[in-house]
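Q: Just so you know, the sequences run in chain order A, B and C. Offset between the first sequence (1-based) and our numbering: plus 1. Offset between the second sequence (1-based) and our numbering: plus 240. Offset between the third sequence (1-based) and our numbering: plus 1.
None of these hints come from the bench; they were simulated from the model. Being a predicted model, the structure only gives us computed values, none of them experimental. Every residue gets a Cβ at the ideal spot worked out from N, C-alpha and C, and that includes glycine. Among the clues, some could well be false.
[To be verified] Distance condition first, Cα-Cα at most 25 Å in a straight line; then the derived BS3-like pairs of lysine-lysine:
| hint | chain 1 | residue 1 | chain 2 | residue 2 |
| --- | --- | --- | --- | --- |
| 1 | B | 478 | B | 422 |
| 2 | B | 572 | C | 22 |
| 3 | C | 22 | A | 141 |
| 4 | A | 141 | C | 284 |
[Said to hold, decoys possible] Across the chosen pairs, the derived CB separations fall in these ranges:
| hint | chain 1 | residue 1 | chain 2 | residue 2 | range |
| --- | --- | --- | --- | --- | --- |
| 5 | C | 207 | A | 636 | 30 to 36 Å |
| 6 | C | 20 | A | 458 | 52 to 58 Å |
| 7 | B | 504 | C | 37 | 31 to 37 Å |
| 8 | C | 155 | A | 344 | 16 to 22 Å |
| 9 | A | 389 | C | 22 | 54 to 60 Å |
| 10 | B | 576 | C | 104 | 29 to 35 Å |
[Said to hold, decoys possible] Chain A stretches covered by chain B per the calculated footprint, using a threshold of three residues with CB under 8 Å from any CB of chain B:
| hint | segment |
| --- | --- |
| 11 | 267-274 |
| 12 | 309-318 |
| 13 | 614-620 |
| 14 | 688-702 |
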Amino acid sequence: MKTIDAFGLTGQPWRSRFAPRRTLSDLLSKSWMEGAVPITLALCIGVFVAITTPEILGAGDRDIVQARFIEIGLLAVALTLVLVAGGFDLSVGAMMGVAAMGSLILHRVYELPTELVVIITLLGGVVMGSINGFLISIIKTKPFITTLVTALTFRAVVQLMQGEYQDRLVFPREDIDWRFIGAGKVAGIPTGLFFLVLILVFAHLMLTRSRWGWWLTAVGSDRRSARRNGIPVTVVSFGTYVVSGLLCAFAGLIMASRQGSTSANVASGYEIIALTAVVLGGVSLRGGRGSVVRAATGTLIVALMGQAIFRRGWDAGMETVMLAVVLLIFAALDEKWGKYRPILAQKLAISPFSLKPGPLIDVTKPGTVWQVNRALSDADAIGLGRIEGAEDCVVDDEGSVYCGDRRGWVWKWSGENNEHGEVFARTGGAPLGHVFDPDGNLVVCVSGIGVCRIDPEGEVDWIATRAKRTRFQLHDDSPLRFADDLDITADGAIWFSDASTRVGAANYQSVVAEYRPAGRVLRLDPDGTVETVVHNLIAANGIATSHDGQSILIVSTLTFRVDRLWIQGPKAGQMEPVLENLPGAPDNINRASDGNYWLSFVGLRTPFSDLMLRHPSARIAMTKQLPVDDWLVPQWNISCVAKFSESGEILKVLWDATGEKHPMVTSMSERHGSLYLGGLENNRIGRITLPAEDVGDIDTYAIPGLRPKDGKTGELEGASR
Amino acid sequence: MKKSVFIWLASLALVTTGCTVSATGSSGGASEAGGEGLPVAVDGLDAQAQLGESLAGKKIAYVPMSLQFDLTKMWGQQFEAIFDSMGADYSQEDAANNVDTQIRMIDSFINDGVDVLIVQNPDVGVLSTQVQRAHEQGTYVISVNVQGSQSSDAYVGANYTAMGRLLAERMVEDCKAKGRNKVAIVGGFGTDSNDIEADRGWKPVFEEAGMQIVSDQQSNYDPTKANQVATAVLQQHKDLCGFAVIFDVTSLGVAQAVESAGLEDQVGIYNFDASAVWCDALRQGRVTAGVAYNASGIAVAAAYEAQALLLSGAPAGSRRVMGYVPHMIVDKQNVDTVPGACYGVA
Amino acid sequence: MTTVEERPKTSSAPRADLRAKLASIDQAVLIAAVTAAMVVVGAIFVDGMFSFDNLATVARISAPMGILAVASALVIMGKNVDLSVVAVVGVAGMVSVHLAEANGFSEWQAIAVVLAIGVFVGLANGWLSAYVGIPALFVTLGTWKLVEGYFNVSLLEKQSYTLPANFDVVRWLGQGSILGIDVPILLAVATFLGAGWALNKTSFGSMLRATGDSPAAARLTGLPVRPLIVTTFVIAAALAILVGLMQLGINGGYSKAYGAGDELMFNAITAAVIGGVSLTGGKGSISGVLAGVAFIAIFTNMMTLLDVSVVTSTAVRGAILLSALALDAWLHPRDEETAKSDDL
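The shape of chain A in the complex, shown without the other chains (with noise of 0.2 Å):
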C-alpha cells in the first residue's frame, strides 16, 4: 500500500510544507553538529591557508607536513581519547620526548636490534601512562596539574638520559629496519601513516561502536552517573591514560627514526600543538565529546599552519601565537557552542503552520442537533479519585472495565459495580488507546514507546516500538513518540495512530500550539511489520474499522474532520472525508451497536481559537511568552459525545452541561448497552446506560468481517440486553 499524503487535509499551499525553524531545529538537533561547525571553520582556516600560501602543498613539503601530521595526530589522537573520558594529558610532549630518547639510547648505544626497541619503547609508553594513569585515577589527584608535574619531570629524565648517554648518542646506526619505521613504506603508504590510520579507524570504531568507547563517553560526560550504572569508571580512566602514553611513545618512535635527534629539547612545545589541533577538532574540553576523525583533521590544519608561516617567512615563534589564539577562539567556540545549540534548538522546535478553518457551527444556538443538555450529567463513577487521566477504556465479556492512566498503568476495575481496582499491568508509557484482539488479549497504544499486547495474566509483550525512518528527513521519526489510538481489521492487522512524531502525550500542548502536520496512521501487520500508511496529518487521533470492515475511519483532531480510509474494495487505497468543520476537536471514534459511530470531543473550537490558527507568528509569541498553561487553545474543558451515520450525518450528540462530573471527555466505549467515558484530565471512568433506542444488536467489540470464535459473545451481549 502506498503511503498517503494527508497534507491536501489542511488546505494549505504546497510552499507551506517547509517550516525553516523546524529544519534549523532539527538540524541543530543533530548529535554530529556538535563537531560540525568547529571542524568546518578549522577547515576553513586549512583551505584559507592553502590558498595564501600554495606552495605547502607542494611534493617538497608534503613530506615534512606529513611528518608532522603523523607525530602530532598520534599525540592528537591519545588527546582526544583522555579528553573524552573527562581527563587532561599534559605530558604527552614529555612522554614522546623519553620515547624518542630512550629508543634512541637502545639503538645507538645498546644497539639492541629494532624489534626489541619498538617492544620496550612501547612497553615504557605504558609505563608512563601507568604512573599518570595510577595518581590520577586511583589516587584521584587533578588531572591538568598532575600531568603538568609529570611532565616537568619526565623532561627532566629526558635532559639526565641525554647527559648520561651523550658521547655514545652521536654516533647514528646504519640498520634498514630502524630506517623502516621513520622512512618506510607500507603498502605504498609511510609506515607512520598507515599505521596512524590504522589507529585511527580502530580508535574511532572503538570510540564509536564499541561498549568501551560508550562507556569512555560515559565517563567523560558524567562520572556520577557512569559509576551509578556500573561503569568502572576508575579502570576506564586508568586505561585512557595508558593508551595515552602507548600513543605518544609510538610518536617518539617515529620521530626518533626519522629524524635521529640527540637534543634533549626534543619534542617540546607539542602539547600545546596537539591541544590546539584536538581543539580545533572540536573536541571538547570538558569531557564527553569528542571525535579521533576529527582530531586527526585538526591535526592537519596545525601541520599546515605551521608550515605555512615558515613559508611566509614569519619568525617561528608566530606559530606559538597563531596556535595560542587558535586554541582561545575555539575554547571558546567550544563552550558557547556546546550550550548554545541544544537551547536554540529548543527555541526553534515549534514551527507554527497557518490553517483557515471552516465555518464555525454555533452549539449553543437552540434547535440543533448540537444542542448542550445534560445527558451524560448522571454518569456513574468507576474508579473515582484512584485514576489519574484514563484517556480510553475497555470492558471485557465479564464487564470488567481496563483504562489507561498516565502514570503507565492499566487499570482492571472487577466486581459487579466496577468497585474493585488493580493495577493489570504496567506499561511504562502512557497508556492511550485500548482495543481487544480476538484472543481475548489487550492491546495498548502506549505513548512514547508504541504498542504493546497485554495477555489475560496481565504480561506486557511489546509488539510495535519503531516505523520505518522516512528517507531524507533530517527528523528520526523512526520512534512511535504518540501512538494515540488503534483498531483491529478482519486480516489481523492492527492500524494505529501517532498524532505527533514529534512530542509525546505529555506535550500534547506544543502539537496543538504547533498545527503542523506531523501525524500518522501506521499498519502493524500480523507479521510484525510496520508501515506508514497515511502520512501529514495533524494530530492524528481515533481509528476505529468501519462496520462492513472495508475501511478505516480516521480522525484528525485539530483539523477537525473525520476520514474514510479505504483498505478493501474498489476504492482501496483512497481517502474520503466523513464528516469536516466539526464545531470541536473530536478525539477517538468507536462503533456503535446500532450501525452508527461514537465520536468523542476533546475540546471546543471558539471564534478566537480559529481567530489563532489563522496566525502563526502570534502563536510563536504565545510559546515564547506565556506558560504553557496560559496558551491560547480550543476550550479544553467540555464533554462532548455525538453519534454519527456512515454517511457522515450527525445524529445526536450527548453533553455533560455542568462540567461538573467529566471536564474532558476523550473516549467513549459502547458495551452492555451501557456508554463508558474516559478522559485524559478525568479521575474517573463514567458510565451512562443508553437509552434502548440508541441500542442496536451489533457487538461493538466483534472485529468486522471476522466471525466470532464462538457464540459467546453474543449472547452475553443479549443477555444483558
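Assemble chains B and C onto chain A, guided by the hints.
A: Just chains B and C now, kept in the frame of chain A:
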C-alpha cells in the same frame, strides 16, 4: 603480516641503498654551473666572472638555532652582505631555539633543493640525518660553531675545548696569585655542546692545578637562575677564587650576584665568549676576563667555503673539511685590541 | 590538636584513623614542620646552610617566588589557576626596557604601560574564564603562549639590555634596602600581610573562599562570583608585573631567556599547593603559602649547596610535588558523588 613487513623492509633496503649511491654519484645542481674550479692560468677578471657565474642564482640558506642571539644574527648579516653582492639567492630562518622547528626548516630547504645549507648544530648528534639527506639530494652543508657527528662538507668554528683550557689556565694563574683554590662552574643546559666541550677543556686543567670545583651548576642561560646559583655558592664559599661561566647572559647574572654580595674585588668572573654587551661589563670591571674567538671570522670563513664549494663543483659530501678560527684571552687591558672580540649586531 | 579527640571515631581501621589525624592537622603546620626539619638536617650536614647570612639570602632570592605564590594562591582559591603569570613577569622586564631604550619613555611612563598590559592580560584571563566559561587552565595556557610569543616576536632587537640609567625605582625594587632589610624581602612581607588581611579580615576574602568552595552555591547566594574571579586574575597579573620589575632590578637588565623561564611559575604554584591551598578551591591559608615558599626555597638552596645538578633537582622536585598532590588527594579525597568529569 610479518612476511610482508620483511618484504617491504627488503625492498626498502634496495631503494634506500640505490638512492644513496646514485645521489652521491651525481651531485645534483651544484656541479652543472660550477665546473672544475678555476683553470690553472687565469686572468683576474675571468676568475671573477667565473666565480660570479658559479654563484649566480644559487640558493643558499642559513638556519641557525635562533636568530635572536647577537652571534647568529651577526653571522646572518655577514652572509647576507656577501651572498647578495654575489647575486646568490640567500635566505635565513629563525628556528626560535626549537630543535624540532629547526629540523623541519632544514628538511624544507633540502626538499626545495637549495644548493648550500649553512647550519648551526644544536649539538653533535642532532642534525646527522639531515646532513646525510642533504648530501643525497646534492646539497652542500656547511656547519658553523658545532661540528656534527655526520661530517658536513665544511665545518668552521671555534675550538671550544682549547678555549676552555686557555680560560682555565688563566684562572689558575689568577687564583694562584690570590692564593685561593676554589672555583665554581656556571654552565648552560649542561647537555649542549658548548657545555660539554668547555668542560673537557677546563676540568682537567683545574684538576691538574689542584683547584677545587666547589660547584658545577646549570643556569639554562637564564640570568636570574645564574644569579641565584652564584648567590648560593658565595654564601657557602666566601673564599671562592672565581666563576667559570658559559656565555655573556649567564656571566652578567653572576656578576650581579657577586656585586650584591659585595665581593667584586675578590671573586673573579671568567667567561666563555665575548660579546659587545659583555665587553661593556668588562670595561666597567664587572667581569674579570674571557676567552674570545673571532666570531665574525666564522661567518667569513663559512661564506668562503660556500663560494669554494660552488666554484669547485665537487659532488656534495665528497670533500669534507674543517677549520678553526683563532681565539685568545680578553681582559680589561686588551679588550679594545683583540681582533674579532666584542662582536655585536650592526 | 584538640579537634582530634573531639572527632567521633567512625572507623576502627588504623589507616583511616591515621588519615583522619593527618587530615585534621593544618597542612601549613605539617609543611612548616618538614621545612624546619630540613633546616635542622641542613644545619648539621650541609656546609654554610645554617647561617643568618645564608637564610637572609634565601629570603631575598625567593622573594619574587613568594609574591608569585601569593598571586597563584589567590587565583587557586577561586577555583582557577593562572599559568600566564610567567609571561606577564617577562613582559614587565621586556616592555619597560624596550620602551625606555627605543621610545625614550621615562621610568614612570614605562611602569604605567607595563602595569596596563598586566591588568589587561588579567582582565582577559578573567573574562575568558568567568564570563565565557572556558576552563581557566586552558585560558591561561593560551594567554601565556600568546603573550610570551607575541612580545618575543615583535619587540626585542637585541639579546641583552642593561637596566636604563633612569630606572631608579626599578633598581630600588630589586637592590634597595630600608633599615638594612632588602626591599624584595619587604615587598614580599607586605604582599603576604596584605593578602592575609584581605583573605581573613575582609568580605572579599570570605566571598572568594565561598566562591572557590562552590561557585554554584556562591552564585545562588547572590555573590558577585564572576567579578570576584576577574579580580583575582587582575591582582595576580599586577603582582606578576611587580615581580617582573623586581627581577629587572635584581638582575640589572633584561636578557632574552634562552630557556623557557617557566620554573618560577611552577615553583610558585608548587609552593601554594604544598602549602595547603587545595586545587579544588576555597581551601588554604596565606601562612600555608608562606610555609610552602619556605619549603621550596630551602629545598632549592640545599640542592645548590649540595651541588646537585639542576636537572636532577628538577626531577626530585617533581617527585616531591607528585607526592604532595597524592597526599592532598589522600587526605581530602574527591567525593565521587559530587565529582565532575570536567574538574581538571
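Q: Each hint should be assessed against the structure and marked as holding or not.
A: Results of checking the hints against the structure:
In summary, the hint linking residue 478 (chain B) to residue 422 (chain B) is supported, as the alpha carbons are separated by about 10 Å, within the 25 Å threshold. At roughly 64 Å between alpha-carbon atoms, residue 572 (chain B) and residue 22 (chain C) are farther apart than 25 Å, so this suggested pair is violated. A hinted pair counts as satisfied when its Cα atoms are at most 25 Å apart, and residue 22 (chain C) with residue 141 (chain A) qualifies at roughly 20 Å. Taken as a hint, the residue 141 (chain A) and residue 284 (chain C) pair is honoured in the structure, with Cα atoms around 18 Å apart against an allowance of 25 Å.
Between residue 207 (chain C) and residue 636 (chain A) the beta carbons are some 56 Å apart, a value that contradicts the proposed interval 30 to 36 Å. In this structure the hint that residue 20 (chain C) and residue 458 (chain A) lie 52 to 58 Å apart at CB holds, the actual value being about 56 Å. Taken as a hint, the range 31 to 37 Å holds for the pair residue 504 (chain B) and residue 37 (chain C), whose Cβ atoms sit roughly 35 Å apart. Separated by about 40 Å at the C-beta atoms, residue 155 (chain C) and residue 344 (chain A) break the suggested range of 16 to 22 Å.
Restraint check, residue 389 (chain A) to residue 22 (chain C): a C-beta distance of roughly 56 Å satisfies the suggested window 54 to 60 Å. Range check, residue 576 (chain B) to residue 104 (chain C): Cβ separation about 31 Å, and the 29 to 35 Å hint holds. Counting residues of the segment 267-274 of chain A whose CB lies closer than 8 Å to any CB of chain B gives 5, so the stated coverage by that chain holds, three being the minimum. Residue count for the segment 309-318 of chain A with a Cβ under 8 Å from a Cβ of chain B: 6. That meets the three needed, and the coverage hint holds.
With 0 residues having a Cβ less than 8 Å from any Cβ of chain B, the segment 614-620 of chain A misses the three-residue criterion, and the hint is violated. Beta-carbon proximity to chain B at under 8 Å applies to 0 residues in the segment 688-702 of chain A; the threshold of 3 is not reached and the given coverage is violated.
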